[in-house]
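As you go down the protein sequences, you meet chains L and R in turn. At position 101 of the first sequence (counting the first as 1) the number is 100 in numbering that gives the first Met the number 0, and the numbers step up by one without a gap. At position 58 of the second sequence (counting the first as 1) the number is 57 in numbering that gives the first Met the number 0, and the numbers step up by one without a gap.
FYI, nobody ran anything at the bench for these hints, they're computed from the structure. There's no promise every hint is true.
Keeping only pairs whose Cα atoms sit at most 30 angstroms apart, straight-line, the calculated BS3-like set for lysine-lysine is [as the list claims (entries may be wrong)]:
1. L:K10 <-> L:K94
2. R:K211 <-> R:K155
3. R:K269 <-> R:K181
4. L:K141 <-> R:K181
5. R:K44 <-> L:K140
6. L:K137 <-> R:K44
7. L:K141 <-> R:K21
8. R:K155 <-> L:K137
9. R:K44 <-> L:K141
10. R:K155 <-> L:K58
11. L:K137 <-> R:K2
12. R:K20 <-> L:K140
13. R:K309 <-> R:K2
14. L:K170 <-> R:K44
15. L:K170 <-> R:K43
16. R:K309 <-> R:K296
17. R:K34 <-> L:K170
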Amino acid sequence: MKSHNDELIKKLNLIAVKIRKHVIEMLYKAKSGHPGGSLSAVDAIVTLYFNHMKHNAKKPDDPDRDRFILSKGHAVPTLYAVLAEYGYFDVKELKRLREINCMLQGHPECRHIPGIEASTGSLGHGLSFANGVALAGKLDKKEYNVYVMLGDGETDEGQIWEAASAASHYKLNNLTGLLDRNFLQIDGNTEDVLRLESVRERWSSFGWNVIEIDGHDIRQIIDALHEADERENQPTMIILSTVKGKGVSFMENNVDFHGVPPNELEYKLAIRELDTLQRKLEGI
Amino acid sequence: MSKVMENPRNAYGETLVELGKKYPDLVVLDADLSKSTKTIMFAKKYPDRFFEMGIAEANMISTAAGLASCGKISFASTFAVFATGRVYDQIRMDIAYSNANVKIFATHGGISVGKDGASHQMIEDIALMRVLPNMVVFAPSDATQTRRIVELMAAKYGPMYARVGRANAPLIYKKDDLKDIKIGKGIITKDGDDVSIIACGTMVDYALDTRKLLSNDGIKARVIDMHTIKPIDKKLVLKCAKETNAMLTAEEHSVIGGLGSAVSEILAEKGCSCKFRRMGIQDMFCESGEPKDLFTKYGLSADHIAKTVKELLK
Ligand SMILES: Cc1ncc(C[n+]2csc(CCOP(=O)(O)OP(=O)(O)O)c2C)c(N)n1
Ligand SMILES: [Mg+2]
Numbered sequence: 000m001k002s003h004n005d006e007l008i009k010k011l012n013l014i015a016v017k018i019r020k021h022v023i024e025m026l027y028k029a030k031s032g033h034p035g036g037s038l039s040a041v042d043a044i045v046t047l048y049f050n051h052m053k054h055n056a057k058k059p060d061d062p063d064r065d066r067f068i069l070s071k072g073h074a075v076p077t078l079y080a081v082l083a084e085y086g087y088f089d090v091k092e093l094k095r096l097r098e099i100n101c102m103l104q105g106h107p108e109c110r111h112i113p114g115i116e117a118s119t120g121s122l123g124h125g126l127s128f129a130n131g132v133a134l135a136g137k138l139d140k141k142e143y144n145v146y147v148m149l150g151d152g153e154t155d156e157g158q159i160w161e162a163a164s165a166a167s168h169y170k171l172n173n174l175t176g177l178l179d180r181n182f183l184q185i186d187g188n189t190e191d192v193l194r195l196e197s198v199r200e201r202w203s204s205f206g207w208n209v210i211e212i213d214g215h216d217i218r219q220i221i222d223a224l225h226e227a228d229e230r231e232n233q234p235t236m237i238i239l240s241t242v243k244g245k246g247v248s249f250m251e252n253n254v255d256f257h258g259v260p261p262n263e264l265e266y267k268l269a270i271r272e273l274d275t276l277q278r279k280l281e282g283i
Numbered sequence: 000m001s002k003v004m005e006n007p008r009n010a011y012g013e014t015l016v017e018l019g020k021k022y023p024d025l026v027v028l029d030a031d032l033s034k035s036t037k038t039i040m041f042a043k044k045y046p047d048r049f050f051e052m053g054i055a056e057a058n059m060i061s062t063a064a065g066l067a068s069c070g071k072i073s074f075a076s077t078f079a080v081f082a083t084g085r086v087y088d089q090i091r092m093d094i095a096y097s098n099a100n101v102k103i104f105a106t107h108g109g110i111s112v113g114k115d116g117a118s119h120q121m122i123e124d125i126a127l128m129r130v131l132p133n134m135v136v137f138a139p140s141d142a143t144q145t146r147r148i149v150e151l152m153a154a155k156y157g158p159m160y161a162r163v164g165r166a167n168a169p170l171i172y173k174k175d176d177l178k179d180i181k182i183g184k185g186i187i188t189k190d191g192d193d194v195s196i197i198a199c200g201t202m203v204d205y206a207l208d209t210r211k212l213l214s215n216d217g218i219k220a221r222v223i224d225m226h227t228i229k230p231i232d233k234k235l236v237l238k239c240a241k242e243t244n245a246m247l248t249a250e251e252h253s254v255i256g257g258l259g260s261a262v263s264e265i266l267a268e269k270g271c272s273c274k275f276r277r278m279g280i281q282d283m284f285c286e287s288g289e290p291k292d293l294f295t296k297y298g299l300s301a302d303h304i305a306k307t308v309k310e311l312l313k
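Whenever a hint applies, use it, and build me the whole structure from the sequences.
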């Protein structure tokens, strides 16, 4: 279990770089959007779609599919790029993010975009929505699992804790949360804005199984997802220790890149850094 | 002659139980008020398909949407004040914007809540729901109509909101009446050609009483039961504007944003110059008291409406 095939890890890491490049290009082109939280979420979302979840781009409405709900909807460039690369829609659509008369809305929209499960963007709803999907799965005796990604700042919202109670009350072991613990929100460090620690104790006291991992280490993400799926009687929260802006040096841990796209110079620098990273991974 | 009363909440609970049999995918959620909203009837019959969500309305609404995304027909119930204002953003995103198959059935709408006071007297819910794209809005007038509307809600896909009051309500229609009721089609409950009173919810019965009072003065009032406030029956409004000399709307709701607003929008855009008044709560919060006394004090009694009609026709 613990000894993953190096080729797989390399492949996933390479996809992650590709997704990061998409994100930078999309936001540069759109001249708006949220780089920081998109980049911190890449590795977990890539691992879910390219390695873990049961899903089929040709059958986005398959009733038996595993579901992923992006509660922190502002990170949707990452999800769009992953869906496009997986074949849910044409990669060309990515260039038209946030444009009028185009499919890809600034935040997730579930009615017209293949692969998007829930319309989000107003923070705090996604875990409740995921609970509903997980309850339906139990009711219908389906095997699917439900994954939902939350921002750490997002968990300031009271609704998250309503949902946290409900998920453990209903023993939703088919539900796994992924908490993007990058320690930043808009007004600064999460602990200065509204203290969240101890995050682990909060979730476990709400009745959740908690796993803490490095959210950029694909091996750890793979293992944690498997562990979560096997849990009985309890939902699992995977606390992903992450870096906001991960992969682009000047965006990393930089609160100013929460919701500001790269300018031309920044765009070129970012792509150059990611190209270098890609070559390194390829062993060139 | 005393009126036959039936509680619309009971009608809701009983209809849910019937629909539970017809639709295996129907699920019901409540937020610690199942005894009041009467969803408890469904909970007893179909415990697996009933979800007690506790006093956590936001979570209830988004969860209902999650269930609906998997093919369920979700009915979520609580008091009107908590079912709309408290969870507006959840309804907006997860139900209206997502065009989810969620039905919000609210009880304890309006001032007939009585003694609990203004905190619990929801007089803005219709306005809040009416502005949401994709949302259908109902205010059934009695228990029979409640049954039919709940059936319509389950049968047709899409976001819908319905509100009834807390109190027992006089039966306007017989139990098996209204078989041909349609979403967005108002009902001329009693005809007349001097004035049209367009009412919804509890106010339909008050409008019928008003009609009786007016007939003593030789004024023939038409009473329209506008159970669907959105989409509103525009044709019927314009027909009544043409056929009667004056028009009033009556609702147990603020005059801003509800039925009265919906009707005035139609009249104004058509350039109708008919005499017109909106009866409802005049942009204020009310207070604790017996429903009957509140209706009198806040201008919703049949006497008050009749007086307004006479002034209007002068
Ligand atoms: C209900 C709500 N309030 C405020 C916002 C504006 N907003 C967008 S992102 C954000 C900060 C989110 O921080 P976090 O959840 O930590 O996300 P990440 O760091 O992963 O970007 C805020 C306040 C929102 N989208 N929704
Ligand atoms: Mg954060």
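### Query
Among all the numbered hints in the text so far, which are the ones the structure does not match?
As far as the earlier hints go, 2, 4 and 11 are violated by this structure, in ascending order.
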